[in-house]
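Residue numbers (this note's numbering), protein chains in the order written: chain A, 21 to 297; chain B, 21 to 297.
I should point out that these hints are in silico values taken from the structure, not numbers from a laboratory. Careful: at least some of the hints might be erroneous.
Just so you know, same-sequence chains aren't split out, so a pair can sit in one copy or run between any two.
Unchecked claim - The calculated DMTMM-like cross-link candidates involving lysine to aspartate or glutamate, where the alpha carbons are at most 20 Å apart (straight line), are:
#	residue 1	residue 2
1	Lys73	Asp275
2	Lys249	Asp260
3	Lys122	Glu210
4	Lys73	Asp253
5	Lys249	Asp170
6	Lys211	Asp117
7	Lys211	Asp38
2 protein chains.
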Amino acid sequence: MTEPTLFAESGFLRLRLDIAYDGSNFSGWAKQPQLRTVQEVVEEAISTIARIKVETIVAGRTDAGVHATGQVIHVDIPENLDLGDLAYRLNRILDADLRILKVSVAPPGFHARFSALRRQYSYKIQDANRVVLPLNRFDIATWYRPLNMDLMNQASALLLGENNFVAFCKFREGQTTIRDLQKFSWVRDEKGLLIADIVADAFCYSMVRNLVGAVACVGEGKFEPGWVKQVLDNEVRISDSLVYPAQGLTLEYVDYPADNQLLLRANATVRRRDDES
Amino acid sequence: MTEPTLFAESGFLRLRLDIAYDGSNFSGWAKQPQLRTVQEVVEEAISTIARIKVETIVAGRTDAGVHATGQVIHVDIPENLDLGDLAYRLNRILDADLRILKVSVAPPGFHARFSALRRQYSYKIQDANRVVLPLNRFDIATWYRPLNMDLMNQASALLLGENNFVAFCKFREGQTTIRDLQKFSWVRDEKGLLIADIVADAFCYSMVRNLVGAVACVGEGKFEPGWVKQVLDNEVRISDSLVYPAQGLTLEYVDYPADNQLLLRANATVRRRDDES
Chain A
21 MTEPTLFAES GFLRLRLDIA YDGSNFSGWA KQPQLRTVQE VVEEAISTIA
71 RIKVETIVAG RTDAGVHATG QVIHVDIPEN LDLGDLAYRL NRILDADLRI
121 LKVSVAPPGF HARFSALRRQ YSYKIQDANR VVLPLNRFDI ATWYRPLNMD
171 LMNQASALLL GENNFVAFCK FREGQTTIRD LQKFSWVRDE KGLLIADIVA
221 DAFCYSMVRN LVGAVACVGE GKFEPGWVKQ VLDNEVRISD SLVYPAQGLT
271 LEYVDYPADN QLLLRANATV RRRDDES
Chain B
21 MTEPTLFAES GFLRLRLDIA YDGSNFSGWA KQPQLRTVQE VVEEAISTIA
71 RIKVETIVAG RTDAGVHATG QVIHVDIPEN LDLGDLAYRL NRILDADLRI
121 LKVSVAPPGF HARFSALRRQ YSYKIQDANR VVLPLNRFDI ATWYRPLNMD
171 LMNQASALLL GENNFVAFCK FREGQTTIRD LQKFSWVRDE KGLLIADIVA
221 DAFCYSMVRN LVGAVACVGE GKFEPGWVKQ VLDNEVRISD SLVYPAQGLT
271 LEYVDYPADN QLLLRANATV RRRDDES
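Same shape as in the complex, but just chain A:
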């Protein structure tokens, strides 16, 4: 594992970029050969304008098909670069499915990934075979059976807190599965859409979509709400078939501490990573 760089090198300036994307035509965040990824596209755009090859660090490494309205990244660029209208200039060369919402100079100790306190995702389900309006189809998953929201809220509440979520995570080498699930609740909007609000300090691989799949089983009456707690406590990976589709998932927001706490938080996160290895 490479040493995380909590500060920009001398002669470089760290920028924070708030970005949004429609994940439909991206193979996720992380660069992969031959595939169109958010990281590749955004790094290429910044490199074009900065005239130097840059690398970005992301707060939430979204999977293929997952969307973002509030993703945060950082990038270190030469400090003599003209930053005027940088967001506008980047958006001019980016396709419309990826937008730079804001560019700001990062405060000292800011690290998009390690300084983050928590990530907030939403998950949208149109259930009971109800029709999804064509203009809304890109970020909604569908399910043919009706889902009981009250039962889903009961089940979701049982998963809150710092737990070992290994049963809900696809295995990834060296990744902890102990996460602090701070919010997991469902509402129906005025059009009948089921929307989950899900917050944790961090999520492991496919965790949100697996939590949604398990809770949806309760919603359609297959299991009692208490079943999800048993699955959690068993600490045995449940079926991949319970992973709900990427399409319904959106990274909404990344929360950071006050500027004077950024470095403290980053160091704590890094220490925790070291403990694991």
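Assemble chain B onto chain A, guided by the hints.
Then chain B, alone, in the frame of chain A:
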């Protein structure tokens, strides 16, 4: 001009279909050789299930790129056809950018086009170079200058009523340009998006997008609000360059009279058409 058929032929049943589409990948409603049109796709789907070649009549013939959330069509099908779950069966074979919201047996005298009392469109503009979120990009037009909504509302109000809108319509043979503009007003939503609500008995070719373009000129300060009234009164076609893009336009709703007034309304519309020719 073929004689409008206000009733289904003997042995046939008239269905009303409420449909929605993302117009981005359609060359508009009306069938054209070699092009993907809503009419072609929906007629093909119904024909597949009805096992007979059908033709549809539409309430609002939308142009290429224009969307609909509340389009209405009718189609006459053999009355022995099993209608169970027809909307579901059609949606199974249609692409996700076209959805059948509802299928119902049309009341006597119902004609999707001629019985309609009025059509309601929306037009969405993100102004002042503000970023459009990727997931919302399909039905929003953008404008680089800030637009003054109050001035736009003043201008829009001057166009209300039954007028000859020839200055705002692309020429089309045999089409009246006298229309009753019943509503034309603007709001800003919580995200700063400018949204027009536009209602008329009917619209002529490119009329909504031309009205929007003219009023936006007032919004950016090029002309006083009274200018649109002068254009209206001059009855001389203004520039095509003032036609705003199809992307921002959505047919929201078609209004019909009570069932016992449908035939009366259809006959009145047809008579008016006859007067024109």
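Hint check:
1. Lys73 x Asp275: neither (28 Å within a copy, 57 Å between copies)
2. Lys249 x Asp260: within (18 Å within a copy, 63 Å between copies)
3. Lys122 x Glu210: Answer is between; shortest inter-copy Cα gap is 19 Å, intra-copy 31 Å.
4. Lys73 x Asp253: So Lys73 and Asp253 fail the 20 Å test inside a copy (46 Å) and across (59 Å) alike.
5. Lys249 x Asp170: within (16 Å within a copy, 55 Å between copies)
6. Lys211 x Asp117: The answer is between: 18 Å across copies meets 20 Å, while 25 Å in one copy does not.
7. Lys211 x Asp38: between (29 Å within a copy, 17 Å between copies)
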